[in-house]
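Engineer: Residue numbers (my numbering), protein chains in the order written: chain C, 1 to 390; chain S, 1 to 350.
These aren't lab readings, by the way, just hints derived from the structure by calculation. Be aware that a few hints might be false.
Label-pair distances were calculated between CB atoms; the ranges are [as the list claims (entries may be wrong)]:
(1) N163(C) x K67(S): 48 to 54 Å
(2) L159(S) x A17(C): 37 to 43 Å
(3) L62(S) x F173(C): 32 to 38 Å
Straight-line distance between alpha carbons at most 30 Å, and here's what the computed DSSO-like set of lysine-lysine pairs gives [claimed, not checked]:
(4) K73(C) x K184(C)
(5) K367(C) x K184(C)
(6) K330(S) x K347(S)
(7) K201(C) x K39(S)
(8) K311(C) x K350(C)
(9) K82(S) x K39(S)
(10) K367(C) x K141(S)
(11) K330(S) x K367(C)
(12) K141(S) x K85(S)
Where is the CB? At the ideal position from N, CA and C, for every residue including glycine.
Chain by chain, the residues:
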Amino acid sequence: MTMLSERQQMSYIASQAADARLNVELETEGMTLNIGPQHPATHGTLRIIARLDGEQVVWAEPSAGYMHRGYEKLTEVRTFPQVTALINRIDWLGSFANEVPFILAAEQLMDIEAPPRAQHIRTILFELSRIANVSLFLGDLGVQMGAVTPVFMAFRDREYVLNLIEGATGGRFHPNFDRIGGLKDDLPKGWLDETRQVMKKLRNFCDEIEDLLFGNEIFQSRTRGIGVIPADVARQYGLSGANLRASGVDWDLRRDQSLPLAYDKVDFRVWTHPDGDSWARCWIRLQEVREATKIVDQLIETLPPGPVMTKVPRIIKVPEGEAWVSTENPLGEMGYYVVSKGDLGPFRVKIRSASFNNISITPWVLKGVYVPDIITILASLYFILGDIDR
Amino acid sequence: MMSIALEIPYWGQSLLRVLGGVGAVLLPAGTIVYLFLFKMMSFMQSRLGPMEAGPYGSMQLLAEVGKWLQKEDIIPENADAKIYKLAPVIVLVSTFLLVVVVPFGPDALFTDFSAGVFYALAIGSVSVIGILVAGWSSANKYSLLGGLRAAGQLIAYELPMVLAVVGVVIQAGSMNLQQIVVAQNSGSIFGWDGVGFPFVLTQFVGFLIFMIAVQAELTQVPFDMPIAESELVSGYMTEYSGFRFLIFFIGEFATAGVFAFIASVLFLGGWGIPFSWFGWESLEAVDGWMNIVGPVIMLTKMLVLTGIIMWVRFSYPRFREDQLQRFAWKVLIPLSLANIAVTAILKVAI
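Extracted from the complex, chain S is given alone in its bound form (with noise of 0.2 Å):
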């Protein structure tokens, strides 16, 4: 086979992956803001959601993002304003830094990173230092409350997110996210290899856990007391307007879109189609066009896990802080350890 990425330039190989990367990042966002915040949520309300900028309002969000950029930038008097205005740019920075090491096809990746599953989970991480920085530096008891509870929130999830992918990395041998991959689509169940071997079969344990930490990771409901409007009236963001609350709001939903997209990798198959189908025997021997319906794939898993997010979000009450302490270290890292153990035993043992 011909690897496409052999016949760009380096320049413009690097162009298009930065092209891609925002690609990756931004249109997620935007569908999920478009399709589960404004239609299903809507719907679900038995109402309609917008309707009148564009086709059944699809050009609402372009409406949205200019009026939130016509808005005053205002900056609290005892804020410190430097840290105060750099704070949404960590948040949004370190969603990019995470799509990085996602792939979307056999040559449709930013980086083959060896130890990519280790990179996602520490990048994904920094966007707690961005919301804490946001909760303190400005000057407002609600910030602080809010940016305080997700620091605590983030840092009990993390842990149970990285046990969760343990579990996964021992059955496919490798921390490449585009050795996860193949592992899953090149595998077979006893023999059988018409669907390929998803780790989500396997790992059914390791998902949920997975979801459930993502859930809170991206602070949505019932994780979401970091925002919590009916208590801290937006939590760390209550005093961002215009611009910078426009990128954390970007960053909340790419955030979505982007944990869905390695959720989908660890889990799902990722952009693969089972090999055996065209009897492709390994990732060299995957045809070129799989570089164009590979991402479609993608995005087609990334919708339906960022749907059930969304799905979640909207039906649930919220936990309470300690509520959630107890859930995590109690359930959620106990359980995670148990399916650690359990893979390892097995792996072995088969």
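Only chain C is shown next, with the shape it has when bound in the complex (with noise of 0.2 Å):
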């Protein structure tokens, strides 16, 4: 209880004073339920604390840090370059996505810039990683559910990207590919027409999953109208990525700021849904898996030519100063505040990671709902255990 803010002390002593009235007139008593650490549904050692009056959720609060690997620390006794090999590992669906934004941090402070052909080719592998991680979602949703097929599509065609990442880096989970002042290497030969085709595979996955879950009436009622959170309260627990866009707020990072990426260069839709339930998060994370494939074919089409890397000195010193970068990564907001004192490590790494904040409405969210719904919201707000402990 001590962790537990004000508010969430109150809610509690709130909801134990409505069991012990409850009590006293039906002579029933609560149950409180742990889901997790070991769980089939918390896919990692997400814990949730839930009191439970029959199935309803009287009080919830999840417990993480079971996976604390203690990264802002250990990147204090890494040189820059190796920061990255670490970082992949945060939010491990979607490796790319994770150096990118720390990369772009060193080069603000050293005041570079990645070439345009690595500017292109990082956007590209980043919006690859988005589908890598959002299509599993997609069929991870279907077992949350019940329903065990959708997976087994989702794991097919996601190994078209991960082949595709391969291909490009060398790595299927953790490329470690990005370099401060551009990439490691030029894309092989051939990778780009292998790429038209795998986009074209991935949208038929997206119009396959429509058909068979989202256009589902089981789970339709099991996602509709279900863990409904408003506009105001998704911006006060500081919501970001899909969750926030469908609770009605047209905010994107790739849209809304520049930042050496080939974003400002393509044209792509920013879905944004008014219901702000269960529904809305998981067909706006289905909409940006298209919207990620037309990226993709759009920087294709328009790659230019020239270096992958910029001159960088062999021993890389980033200069004093202090810097912010976040970007729109799969699971939402992911920024790294860099703080350097001029050496060959950074000074102090602070990570922003999109699922912590993500996690954190739960007790909001949860309340009152059934026990099969806690698993969908859950579902539904999409997170990783690795984003969640950093």
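Join the two chains, each given in its own frame, into one complex according to the hints.
Structural biologist: Structural data, given as structure tokens:
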């Protein structure tokens, strides 16, 4: 209880009091259900403590930290190029996207910029990691609600994207491809043609999932009107990414800020949904995969020639200063606040990961729902454990 | 016609019936698991399924059974040990009791029970007790939630199932399953007796309601809240391991097979082929070879029906508990009541 804010403590005490009154009247007692850290639905080691009245949640609280790896501290004893290997593992499904904001922050401190071709390829790989990440979400959504087939379709088509990432970077899960000042390598031969075909396959996959899952009445009845987050509450809790856009807030860092990435050269739509329920969050993500495939297609057509690496010293020393760069990652806003004292490595790195903020709304949104809805709401909020416990 | 039953001594008949009963429960269960759970599900999910054990993985089930038998039989410390051990047996026994009334041929039947339909529907809900007991005695919160969900769900779906069958009983004029088969195969559609008169034609609504209720009764997706592996880990089976889990597992698929048998008897003409094909007038006139062909026909129909059950299971998400109750009480029960009323009126009018 010591970890809770005052407001949460108040709500807990109120729920206990309500429980006690109920118990006197009906002689029932509540039940505390520990969902996690080992539970098939938490994809990792998130623990949700829920007080139940029957199957209704009276009070719920997420308990994070079972997979804390101390990345913020570890970065302080590593050099700048070494850090990317580490921060790959934060959101392990969209690894490349984790590297980009850190590298951009370091580049900002050194006052250099990657060549246009490197910026383009960065953006392509960024969107590919978004597809790899969110397509798994679309399949996983089915499993959370008992439909076993969609997840295999997701794994099948995600494989093509992982092959592309492997073809370009050499690593399927943890590319470690981004360098300060550019990229490690240029794209291999034939990669662009293959990418075009894979993007077609993924658009087919999106159609398939829309038919099989989103068009299903049971799926709709499980998600529509469940776990509604109004726009102002979403803002207060610091939600970002698709969770925020599903609440009707038109906010996308790809469009709203100018970073040395190629987003200003492509034409894409930022989808929002007015409802703010689980359905909206799922639907927004489905549309985002589609948009991502279109972005990749456009970037391939306009890929400029030239080098992929600018001139940087052999031993990178980042000058003294502080920089904050955040990007629109698959899970939401991910940012790095990098403080450098002019050494080989950063003095301090603060990592703002999307899932940690997204999951913080669970006590608010889980109040009063049924046990099965806990799972659908958590699934639709979409978090990666590595992204919660850095 | 010389009945086979007269040629075999009583002990021989009893032995045959016991063996037949065990076969009628375990053989379909094995077939369903291999054909649908291992293979059809895999093909739907663009993978091959088991391929190593035997040709096309056909021995996989034996390997799985062997694996389960070797596992430790864990009884949780706080569990009510006696009841905990008993629960899976109750579930499986109810399946064996259920198959007793199903006829597989003119003489290939276990008991000729005049109120067979009534008996089958009554015994079919005994498994709820096993599930409830399993959930309660495990001393696990997930098990408890699962067990209570199962109880609520099975009670809700028992009613539409019974009401759906009433239409068939009205049409056949009998509660004996054998008589229901005869009524379908010796019947005619407006004087044309080429395909007999399977009740699925007139009782299509009843058939749909029955199959939905069966799906819920079997706790298959979209009605698998009692197990709900993404919410309740494994529901009432969470604490079970090894042999006892195996019994639950067999029970699940065996019950699917037996309910499919009952559905094919009630709606699809059971073991029979239209009597007009061979000029049979009544049950006594049916040739003896139907005792061999009948079970094969039954198995085929059973596989078609379980195929549909499994197909739905592998492609649908699951309902929420309260949505399921609403569906049962607000949609299925009024619909089946209307079905009964229409059937009764037409039965009297025509």
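Engineer: Take the hints in turn and mark each one as holding or not.
Structural biologist: Consistency of the hints with the structure:
no. : hint                         : result
1   : N163(C) x K67(S): 48 to 54 Å : 34 Å, violated
2   : L159(S) x A17(C): 37 to 43 Å : 39 Å, holds
3   : L62(S) x F173(C): 32 to 38 Å : 37 Å, holds
4   : K73(C) x K184(C)             : 26 Å, holds
5   : K367(C) x K184(C)            : 48 Å, violated
6   : K330(S) x K347(S)            : 26 Å, holds
7   : K201(C) x K39(S)             : 25 Å, holds
8   : K311(C) x K350(C)            : 28 Å, holds
9   : K82(S) x K39(S)              : 37 Å, violated
10  : K367(C) x K141(S)            : 20 Å, holds
11  : K330(S) x K367(C)            : 27 Å, holds
12  : K141(S) x K85(S)             : 18 Å, holds
Violated hints, listed in ascending order, are 1, 5 and 9; each of the other numbered hints is respected by the structure.
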